[in-house]
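Visitor: Chain by chain, the residues:
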Amino acid sequence: MSELLDPFFLLGQLRSGLTTAMFLFLIASGLSLIFGVLKIINFAHGSLYMIGAYIAWNMTLILGRTSIGFLGAVVIASLGVAVLGGLVERLLLRYMYKREELYQLLFTYALVLIFSDACKYIWGTQPHSVSRPPILAGSFDFYGVRFPHYDLFIILLGPAIAFGFWVLLNRTSHGRIIRAAALDREMLGALGTNVSSLYTGMFVLAAFFAGLSGALVSPIKSVVPGMDVEIIIEAFIVVVIGGLGSLWGTLLGSLIYGLTLAFGILIFPRFSIFAAFVIMAVVLIVRPWGLMGRPVK
Amino acid sequence: MLECRKLHKAFSGFVAVNNVSLTVDRNSITAVIGPNGAGKSTLFNLITGHLRPDGGEVVFEGRDVAGRPPHKICRMGMARSFQRTNIFPRLTVFENIQAAFIAHGGKSLDMWGLSERQYRDETWQMIEHLALHGIAHSVSGEVSHGAQKQVELGIALAGKPRMLLLDEPTAGMSAQETHETIELLARIAKEEDLTLLFTEHDMDVVFSISDRIAVLHQGGIIAAGLPDEVRRNDEVRRVYLGGGMH
Amino acid sequence: MKGPNRAKRIPWTLVLFLAAALIPTLGSRYYTFLATDVVIFAMFATSLNLLLGVTGLVPFGHAAYFGIGAYVCAIFMKDLGVPFLPAWLFGGVGGALFALIFGFFCVRLTSIYFSMLTMAFAQIVWAICFKWNDVTGGEQGYPNVPMPSMAWLEWIPWVGDLRIDHKFFYLTLILAALSIAAMRRIVNSPFGRILTTIRDNAERAQFIGTNVRLYQLIVFSLAGGFAGLAGGLFGIFNRGVFPDFCYWPKSAEVLIMTILGGIHHFWGPSVGAAILILLNQYIVSYTEYWPFVLGLILLLLLFGLPGGVVGAIDGLIRRSRTLVGGRG
Chain W
373 MSELLDPFFL LGQLRSGLTT AMFLFLIASG LSLIFGVLKI INFAHGSLYM
423 IGAYIAWNMT LILGRTSIGF LGAVVIASLG VAVLGGLVER LLLRYMYKRE
473 ELYQLLFTYA LVLIFSDACK YIWGTQPHSV SRPPILAGSF DFYGVRFPHY
523 DLFIILLGPA IAFGFWVLLN RTSHGRIIRA AALDREMLGA LGTNVSSLYT
573 GMFVLAAFFA GLSGALVSPI KSVVPGMDVE IIIEAFIVVV IGGLGSLWGT
623 LLGSLIYGLT LAFGILIFPR FSIFAAFVIM AVVLIVRPWG LMGRPVK
Chain Z
178 MLECRKLHKA FSGFVAVNNV SLTVDRNSIT AVIGPNGAGK STLFNLITGH
228 LRPDGGEVVF EGRDVAGRPP HKICRMGMAR SFQRTNIFPR LTVFENIQAA
278 FIAHGGKSLD MWGLSERQYR DETWQMIEHL ALHGIAHSVS GEVSHGAQKQ
328 VELGIALAGK PRMLLLDEPT AGMSAQETHE TIELLARIAK EEDLTLLFTE
378 HDMDVVFSIS DRIAVLHQGG IIAAGLPDEV RRNDEVRRVY LGGGMH
Chain Y
1196 MKGPNRAKRI PWTLVLFLAA ALIPTLGSRY YTFLATDVVI FAMFATSLNL
1246 LLGVTGLVPF GHAAYFGIGA YVCAIFMKDL GVPFLPAWLF GGVGGALFAL
1296 IFGFFCVRLT SIYFSMLTMA FAQIVWAICF KWNDVTGGEQ GYPNVPMPSM
1346 AWLEWIPWVG DLRIDHKFFY LTLILAALSI AAMRRIVNSP FGRILTTIRD
1396 NAERAQFIGT NVRLYQLIVF SLAGGFAGLA GGLFGIFNRG VFPDFCYWPK
1446 SAEVLIMTIL GGIHHFWGPS VGAAILILLN QYIVSYTEYW PFVLGLILLL
1496 LLFGLPGGVV GAIDGLIRRS RTLVGGRG
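Residue numbers (the numbering used here), protein chains in the order written: chain W, 373 to 669; chain Z, 178 to 423; chain Y, 1196 to 1523.
For the record, the hints were derived by calculation from the structure and aren't laboratory data. Hints should not be assumed to be uniformly reliable.
Unchecked claim - In the SDA-like style, the derived pairs of lysine to any residue whose C-alpha atoms are separated by at most 20 Å in a straight line are:
| no. | chain 1 | residue 1 | chain 2 | residue 2 |
| --- | --- | --- | --- | --- |
| 1 | W | 470 | Y | 1498 |
| 2 | W | 411 | Y | 1304 |
| 3 | W | 470 | Y | 1406 |
| 4 | Z | 337 | Y | 1406 |
| 5 | Y | 1326 | W | 650 |
| 6 | W | 593 | W | 411 |
| 7 | W | 411 | Y | 1253 |
| 8 | Z | 367 | Z | 386 |
To be verified - Restraint ranges, calculated between C-beta atoms of paired labels, are given here:
| no. | chain 1 | residue 1 | chain 2 | residue 2 | range |
| --- | --- | --- | --- | --- | --- |
| 9 | Y | 1306 | Z | 380 | 32 to 42 Å |
| 10 | Z | 185 | W | 459 | 52 to 62 Å |
| 11 | Z | 414 | W | 566 | 41 to 51 Å |
| 12 | W | 459 | Y | 1480 | 25 to 35 Å |
| 13 | Z | 316 | W | 555 | 48 to 58 Å |
| 14 | Y | 1478 | W | 463 | 46 to 56 Å |
| 15 | W | 466 | Z | 402 | 49 to 59 Å |
C-beta atoms are modelled at their ideal positions from N, C-alpha and C, and glycine is treated no differently.
Based on the provided sequences and hints, a complete structural model is requested.
Guide: Laid out in structure tokens, this is it:
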């Protein structure tokens, strides 16, 4: 038991927990955004993440293992997924806005099935991995704990993006329109805003971040079938904890979830498999709208 | 029959119902009127248990009902019909009313009998009463708005309530339908020994059948009494005169 | 449910039952295998529809009760030596009991939150089954569930000579038919009528004197019970009970079957189960990309057949009636 309280070990767990939290945040924020504005629960968000990872891996094969190559791979993957997201929204998703939630969810589930098999077909079922770009391949010593630069990059990226979103939503005219759309779509349309383009834009943005997240995770986790479902379940839990539609709630939820998972494993080794769903159940029972969501009755 | 004492309800600082006291006598027809936003719907919601008051009491037939769940208040003899039609759209007209009879008849937990055989006579009687015979087997979500309001009424009356709250019963109706509905309401009130409390925007309706009128403005009662008194009340005229009493 | 058009009073249900009873006479183990699978899932999907189509609740974790029923029935039979019928009934009770407990928390929520909580509970059940090695066999599952003694079936003339698979089909058919008949009775009862009022307009249902949450809880428990009964049969059929009986894709599977068939008709879910299982068997023999095909089927369903297969057929029948000049 004493090893568990070893500060170095704890610090390492902290690092790992924070990194997990930030990846989750990148995905969950897109999920939360789509729900907040489009009122759709996008189960396929994890698939977009997975596609981003696969494209990134594929691109590193072509572009090489250099830092530039990695950057290129990440950019191409993010843009590719963004385009895919745009196509899906324009061609299919838009017809689902008026349907009941169950059918919307079923639609996104259909996408999960289709994307998942498509990835298997294109890239096979073997796990792939990407090496870290040379520029971020090193690590430094933090009080005796090895702290990879890459992890630090991710940990800093999370709040940076959150801040960027916040600025977008609260300090720009675009943001005002987005927030208005979240509150009353019809009214906004009546005021002359092209709501359908706005929706497409939002979805593309969220898809971009999902793809980005997938591309960035490829050096840390192996790119393998099933990663879509694994992340989306976790993202759901995060969004439930933080509150559907709340950006800061999502960040908070990611942190809580990531850290609980990291430290929970110490206390109760069999914990991880339960942790997620017990937390989710408790939140839903006690405070269904999450920590920072708007109380809904 | 019904007494509200100093009812108070606020939403995040906005006071919707402000210390309202109202008495409704047995077998009377009482109207609550007031401009939009005056708090009429909130008041109704407080009376029927849909909302819990922040302060004050609601006493129905001598029993304190403030804050009780709606289904319990309903069982005590209070029924309500809604402003926007609130029926069971996938069920037929017949099934809508029959369901109400089933619920009030205490047969809701019967899992063995056949629902279609329950209360057939009573349901047909109600349907005749409301002149819905022609569309009895039509899906209620697909019939005309006026007919839906009739169905709405049928559902409310099926429980043989002692008091009926009606939220704008003639909203959206043609002049003809309004006239018929009002006649029906007045007739039913007399026949069934019913107490009516309703809100309306149509002033002709209000003044034609009400025994008493209460005027609500910005959450508070500014006048209450016989129709003629209210008509002559200065403050009431002032509040309404801008928009005119149509 | 179906409107008052009862022009053709052919007892379809009886016809279906007799047709199903003839399947083992074909002598093919494969057909009987498929038929047993279909019958069990028809029962499972119909139990789900008690919530979905009748009451308007959307659970994402219905498979939990299926799994619980399977484990309870199997464990009672194998570890505790209880004869089949009581064990099977206990499976149903187990499903109903857990549904009651979980349901108590779930019905306090609405729409998406309700759905997510049902899923969270199901995943917790899955995790427990996965980890509780001593009782459930853990990750490896609970194998070698004993076949029930089916000697009593031999009063049916041709059954005595049949292989065990075919006998088990008859057992399943009879028990499933009884369960489905019970569910039908419930749906058509006054209680069922009240449930439909809750589905159509929960607020109004309150104002006719119904304690909505209580009724939702009751039907949730009933549905869990019937799902447990289906699970009990499936555990035996599958020759073993595994944690993935509770895992969310199983819930998704039964949900899809129900919607595919049509949630607004009593037999919709059963039809959906049959279609999905048979289609699965057929496709899987050609390609490993069944999920892809399923995804396409779902898209087709969502964009083309909003009422499910039975809904579409029903619509066609109604339209052809008005064209031919029937009751307008």
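Visitor: For each hint, tell me whether it holds in the structure or not.
Guide: Going through the hints against the structure:
no.: 1; hint: W/470 with Y/1498; verdict: holds, 12 Å
no.: 2; hint: W/411 with Y/1304; verdict: holds, 18 Å
no.: 3; hint: W/470 with Y/1406; verdict: violated, 30 Å
no.: 4; hint: Z/337 with Y/1406; verdict: holds, 18 Å
no.: 5; hint: Y/1326 with W/650; verdict: holds, 15 Å
no.: 6; hint: W/593 with W/411; verdict: violated, 31 Å
no.: 7; hint: W/411 with Y/1253; verdict: holds, 17 Å
no.: 8; hint: Z/367 with Z/386; verdict: holds, 12 Å
no.: 9; hint: Y/1306 with Z/380: 32 to 42 Å; verdict: holds, 40 Å
no.: 10; hint: Z/185 with W/459: 52 to 62 Å; verdict: holds, 55 Å
no.: 11; hint: Z/414 with W/566: 41 to 51 Å; verdict: holds, 47 Å
no.: 12; hint: W/459 with Y/1480: 25 to 35 Å; verdict: holds, 32 Å
no.: 13; hint: Z/316 with W/555: 48 to 58 Å; verdict: violated, 34 Å
no.: 14; hint: Y/1478 with W/463: 46 to 56 Å; verdict: violated, 25 Å
no.: 15; hint: W/466 with Z/402: 49 to 59 Å; verdict: holds, 57 Å
Hint compliance for this structure: hints 3, 6, 13, 14 are not met, and every other hint is.
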